[in-house]
Amino acid sequence: MGYVAGICTLAGIQMIAVLGVTVFTGFTGLFSLGHAAFVALGAYGAGISTFRWHLPFPLALGVGVATATLASFVIGVPALRARLRSDYFAIAILGFGEALRVLLENLSLTNGARGLAGIPMATTPGAVLLCLLGSLLVVRRFLRSRLGSACIALREDPIAAEMAGVSLFRTRLLSLALSAALCGLSGGLLAHYLSFIQPIMFTLTQSTMLLAAVIAGGMGSVSGPLMASFLFTAIPEALRVAQMWRLVAFGLLLVLVMRFRPQGLLGFRELGDLLPARWRRGFLA
Amino acid sequence: MLQTLVTGLSIGGIYALMAVGYSLVFSVLNFSNFAHGAVIMLGAYAGLGVVRLFPPHLALAVTGAAVAGALVAALNERLAYAALRRRRAPALYLMISAMGCAVFLENLVYAVLGSRFYAFPEMIARSVVTLGGTSVSLLDAGALGFALLAILALHLFLTRTVTGLAIRAGVSDMTMCALMGVNLDRLILVVFLLAGAFAGVAGAFLGVKYMVYPTMGWITNKAYIAAVIGGLGSLPGALLGGLLLGVTETVVSTYISSVLRDVFSFAILIALLLYLPHGLLGREAEEKI
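Taken in order, these protein sequences are the chains called Y and G. Note that the first sequence covers residues 1259 to 1543 in this note's numbering. Note that the second sequence covers residues 50 to 338 in this note's numbering.
If you are wondering where the hints come from, they were derived from the structure by calculation, not from laboratory data. These numbers were taken from a predicted model, which means no experiment stands behind them. The beta carbon of each residue, even a glycine, is placed where N, CA and C say it ideally should be. Any given hint might turn out to be false.
Negatives, chain Y to chain G, calculated, CB over 12 Å [claimed, not checked]:
(1) ALA1375
(2) MET1459
(3) MET1516
Label pairs and their computed distance ranges (CB to CB) [stated by the list, open to error]:
(4) G:ARG127 to Y:ARG1527: 29 to 37 Å
(5) Y:ILE1458 to G:ALA168: 21 to 29 Å
(6) Y:VAL1332 to G:ASP234: 53 to 61 Å
(7) Y:PRO1336 to G:LYS258: 30 to 38 Å
(8) Y:LEU1529 to G:SER221: 43 to 51 Å
(9) Y:ALA1324 to G:VAL211: 56 to 64 Å
(10) Y:ILE1493 to G:PHE206: 45 to 53 Å
(11) G:TYR259 to Y:ASN1364: 19 to 27 Å
(12) Y:ALA1375 to G:THR264: 23 to 31 Å
Hey, can you work out the whole structure from these sequences and the hints?
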C-alpha cells in the first residue's frame, strides 16, 4: 500500500470514530471522555474473532460493533437513567473507559498489556471507504429521523424537550448506542489495518483526540468534524511531527477554539452550506 | 491489618490534598477542572527543580511546589478560563478548555524534558518508626500530618476570614455575591491560587514517595473519585473521601488483588455517581439534568 493511501486509510478509520462522537457530543450535547473504550472494544472484539476464532473479516467487524454496542448499554443504561449532569456523566464514562483498559491489560483472552500481534491485515482502503460512506449514510438518516430531531432538541433544551414528550433516557441511550457502534466499527478496521493492538493505544488521550476533532470541527455539524479529523491525521503525518508536539498543538487548539471560536470550524453548518445556493440543491436535495 | 490502615491513610492524605483543590474550583465555578492533574505534575517538577538548585530539604521542595502550583493554576485561569467565564459560556466549554490545558501542559513537559522518570534525592532518611507493632515510615506520617494541617488551615481560612466568607458566598450565588460588591475576578484568582498550591504540595509528596514523570497527573482521576465520594464541593467531604479511598485501595490491593485496585476504584466512582450523587457530605445538587 502506498504511503498516501496508507495515511488516507488511517484518516478514514479515524473519521468513522469521529462520526460516532459527532452523533453523541455534537448532536446530543453530552460530553464523553471515554469513547476510546468503544474503539478498544471494537478492536478487541473483531481482532479476537479473526485471530483466535478465524472468523471471516466482515463477520469479525460485526462482532466488534456488537461488542461496543453492548458495552454502551452496560454503562449507558445506569448512567443515563440516573440523569447525571453533563460533567458527572463525563467522569462516569471516563471511569468506565479506564476500568475497561485495566481489564484488557489483565485478561488472558486479550494477551494483557503485551497486546494482540498478528491479526490478519484485512483492511483495505476500499473497505474503509465503503464503511465510511455506509456510516455517513446511517448518520444522515439518523439525524433526519424523529430520533435525530429529538437528540437535537435535548441538546438545545432538555427541559423543554421533555415537556414536548421526548424521552430523555431512551433518546440519549440510542444516540450513545449508535455512536458506540461507529466507534466499534472504527476499532475493528484499525485492528485489521495495524495488525497489532495494545490496551495502551486506547487511553484518555485517544478519547480527547476524538473529542478535539468534534469541537474544532464544530458542534452540530457532520462535515466539520470529518474535515477536522482528516486534517488532524494528515497534517502531522505530512509534516512528520513527533507525536508529543502533535498533542501539544491539540491541547492548545482546544483552548484557543473555546476562547475565540467556540462554534468551531463549521459550527451548526455543513460544508454544503458554504456553496452558493444554486449548486447546493444538486448535492443535498 | 493496622499496617494496611496506616499505609492507606497516608496515600489517602495525598488524595485528599488533590481532592480539596479540585473540589474548591468545582464548587465556585461549577465545572470539572481537568487541568488539575497537570498542575500537580508541574508542582512536582518545580519541587524537584528547587531541590536540585538548593540544598535538598523537604520543606523547600514542598514550598517551591506550592508556589509553582499556585502560579500555574492562576495563569491557567487568567489565560484559558477568564474569557469564557466573562462570556458566561456553558460549563461544557470550560471543561473542554481545561482538558485542552491538561493535554497541552502534559505533552509540553514530555516534549521539553522527555519522558524520563526522575527521583527526588534522599531527603529524609527513609527511616521507620515502630508504633505498637506496626512500622510507619516518617514520610508517610509526615504526608498525612501535613495534609490534615493544611486542610484544617484552609477550613479556618474559609470560615474565619472575610475573603473566605466571600468565597463561600460565591459558592452559593455568584451573581448575588458580585452585587454585594465582591470583586469576582479577584475572588476566583484566590480560589485558583489556593487550589494550585494544594495541587503543588500533593505533587511534591507524590514525587518524593514515587517518581516524577509527565503523566503523573493522571492520578487526579483518584482525586475526582475522592471528591465524588465525599460530595463534590464539600471540603470535609474531600478529606473524608480521600482517606476512605486510600484505605479502601490499600485493603483491596493487599487482600484481593493489586491489579483489580483501579477497576475497583472506578467501580466505586460509577456506583456512587449513580446512587449517591451528592456523596457522603455533599449538599443537594439543584441542577440535575
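Range first: 19 to 27 Å. Now tell me if the beta carbons of TYR259 (chain G) and ASN1364 (chain Y) are that far apart. holds, 21 Å
Honestly, do ILE1493 (chain Y) and PHE206 (chain G) meet the 45 to 53 Å range at C-beta? holds, 48 Å
Taking the shortest Cβ-to-Cβ distance between MET1459 (chain Y) and chain G, state whether it exceeds 12 Å. holds, 15 Å
If you check the beta carbons of ALA1324 (chain Y) and VAL211 (chain G), does the distance land in 56 to 64 Å? Holds, at about 60 Å.
Range hint 30 to 38 Å (beta carbons of PRO1336 (chain Y) and LYS258 (chain G)) holds or violated: holds, 35 Å
Look at the Cβ atoms of LEU1529 (chain Y) and SER221 (chain G) and judge whether their distance stays inside 43 to 51 Å. With a Cβ separation near 46 Å, LEU1529 (chain Y) and SER221 (chain G) satisfy 43 to 51 Å, so the hint holds.
Per the stated criterion, does the least C-beta distance between MET1516 (chain Y) and chain G lie above 12 Å, as a non-interface residue requires? violated, 4 Å
If I claimed the Cβ atoms of VAL1332 (chain Y) and ASP234 (chain G) lie 53 to 61 Å apart, would that claim hold in this structure? Distance hint for VAL1332 (chain Y), ASP234 (chain G) is violated at roughly 44 Å.
So does ILE1458 (chain Y) sit 21 to 29 Å from ALA168 (chain G), Cβ to Cβ? holds, 23 Å
Is the nearest Cβ of chain G still more than 12 Å from the Cβ of ALA1375 (chain Y)? holds, 22 Å
Consistency of beta-carbon spacing, ARG1527 (chain Y) to ARG127 (chain G), with hint 29 to 37 Å: holds, 32 Å
C-beta pair ALA1375 (chain Y), THR264 (chain G): status relative to the range 23 to 31 Å that was hinted: 24 Å Cβ-Cβ, so the 23 to 31 Å window holds.
In terms of the numbered hints stated before, the structure departs from hints 3, 6, listed from lowest to highest.
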